[in-house]
Amino acid sequence: MSLAKITQVKALALAVPGDDIDTDRIIPARFLRCVTFDGLGEHAFRDERTGPDGKERPHPMNSAQAARIAAAKQGVMVVGFNFGCGSSREHAPQSLWRFGFTAFVGGSFAEIFFGNSTTLGVPCLTLSKEDLAECDAFVRANPEVEVTVDVEKQTVSAGAKTWQAGIAASARDGLIKGKWDPIADLLEGADSVAKTAGGLAYVEGK
Amino acid sequence: MAKTLFQKVWEAHAVRKLPNGQTQLFIGTHLIHEVTSPQAFGMLRDLGLQVKFPQRTFATVDHIVPTNEIKEPYSDPIAQEMIEALRKNTKDYGIRFFDTTTGNQGIVHMVGPEQGITQPGTTIACGDSHTATHGAFGAIAFGIGTTQVRDVLATQTLALSPLKVRRIEVNGKLAPGVYAKDVILHIIRVLGVNGGIGYAYEYAGTTFDGFSLEERMTVCNMSIEGGARCGYVNPDQKTFDYIKGKPFAPKAADWDSAVVRWASFASDAGCQYDDIKPFRAEEIRPTVTWGITPGQAIFIDEKMPALETLNAADRQTAEDAYAHMKLAPNTPIKGTKVDVCFLGSCTNGRISDLREVAKYLKGRKVSPSVKAIVVPGSQLTAIQAVHEGLDKIYIEAGFEWRGAGCSMCLAMNPDKLVGDQLCASSSNRNFKGRQGSQTGRTVLMSPLMVAAAAITGQVSDAREVFKV
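Chain order of the listed sequences is A and B.
12 is the number that our numbering gives to position 12 of the first sequence; each next residue is one higher, with no gaps.
With the second sequence counted from 1, adding 206 to any position gets you our numbering.
Hints were generated in silico from the structure; no laboratory data involved.
You may find that some hints are simply not true.
[Claimed, not checked] DSBU-like mimics (lysine-lysine), calculated; alpha carbons at most 35 Å apart, straight line:
1. 379(B) with 294(B)
2. 370(B) with 5(A)
3. 179(A) with 379(B)
4. 223(B) with 10(A)
5. 195(A) with 223(B)
Extracted from the complex, chain A is given alone in its bound form (with noise of 0.2 Å):
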């Protein structure tokens, strides 16, 4: 299985503020209720888009911004901390990356989150808090300028500005290399995997 090396993602980007925003929020449960993760890209925060009353709320995901990282199929999501905690529902990164975002910079995010992004070859990079507001209010104020999240270097640039970024090794090594799905190096293990499983008193059938 051949993949992309996903060294860079240049993209436009879109400031969704706010800390501990959960998964339940990114794609709520009733779109869960399917057996493909077809589609789910129009519903990425649904019920922060929309109001009970069906109208559209004021949400950065339906500026005209959002607009245009859904044409062109690639964008940059600046969140907070902790972002996609809670469900470890991989249809939240799913949706967000149907709807045309292809990397996240923030704060910090939730483990199961990170590496449910990662395996569909999304990074995302970590700021510090004071260069995470500076992204942030950079991005709010130049929406036309692309801003680079460089996976290799771990940097995250914007016009003039570069902050430096993390991300952990393994993910970034996965990423830079085009190994970002697990499964080819799982698969590879198979004869060490046997020899595990006979170590294993519980696991029948060995």
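For chain A, the structure is supplied; the task is to place chain B on it using the hints.
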């Protein structure tokens, strides 16, 4: 060298180092359900792969099952489609399925322990963040995404990085009317909803030693709400006693060696932890959430925080929370009108929860302004409860007695809040919209506090309502 349980289980299941530096970890037990598995089976078919260890995957159906409808086809065609997809997938690949017709169906995190599938010193994965529940038995249990469900199906392994271990030590005796739920809500309140990122939580101390396995499950269940991907309690005699005689427990000749093996996984005296956080049981009082994250919690007799007492980041989330919850800072939460009461979920839908509440509910009546439902987490729990006559106590008090499932915890089935109803809930998440209405409001609490709210029609102190 002295090691933690986490290290020992990790080492026993480590297959090899992957090129990216992660570990290929063997997953001894894989649990699946109807919501996060269909796409994984789809990926498996697309890649032309087989299920590697079909006998190590166990399936049930919980999220979408209606709790007030037994006969199929369900009135909800999507629910019917999802249950049928799981029937087909488990049949095609030879996976055991605890279907609704078996008498063993239930919330996946209740089925594993009930069947004796959940055992100490094992690795467990499930496409559900509350998989940490199984840590109560001294297992390392991860919630995973759907692509990872595919990985486990195809290889019985995951690519993971080891976690740091934080020992959360609670010593002392809980006061009457204070429960395991209050302990975990308090821990999350103090350590924060993101305090556990990068950690496995080891729950220890005399309070946990004294807890039943069901109480330990309540605590481990909500580890993810504190940001920790897994949580566990070291196995002890209580653990072994709980497992003994269960359908998948080791049988006669294998039992003694299994117990010796299980006990050997417990953290060694003198092992090194990355962090230790001590708590005193006596300081914990009945706890309720007031906001939109499980960390926004207070003791029932406290006032909700004044905005000026919070730091900038917490203040922003708090303002959002107060607006959503229609509550005011610096006022008591006690006395807030309640519309719905939900007793159930993988956090608090077990037989011990149903028994404890029933003890106090006899002779009391649910307030006419409240809709109260009780949902045993599994069919076995429901059968046991009926056997003990608990259903009659609930029905007599005015609760609706329902069938097994996730129900109103996450509203993927017909049990949902309507409009801005406020729900006193024994579940685990008070996120905006979690219970099925965009403007619905959730206040998390222990089962007895839910019963107190049902009777008074408002958020109440169960110790006063029931003279505990």
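Query raised in the report: Where does the structure disagree with the numbered hints, that is, which hint numbers, in rising order?
Result: Failing hints, ascending: 1 and 3.
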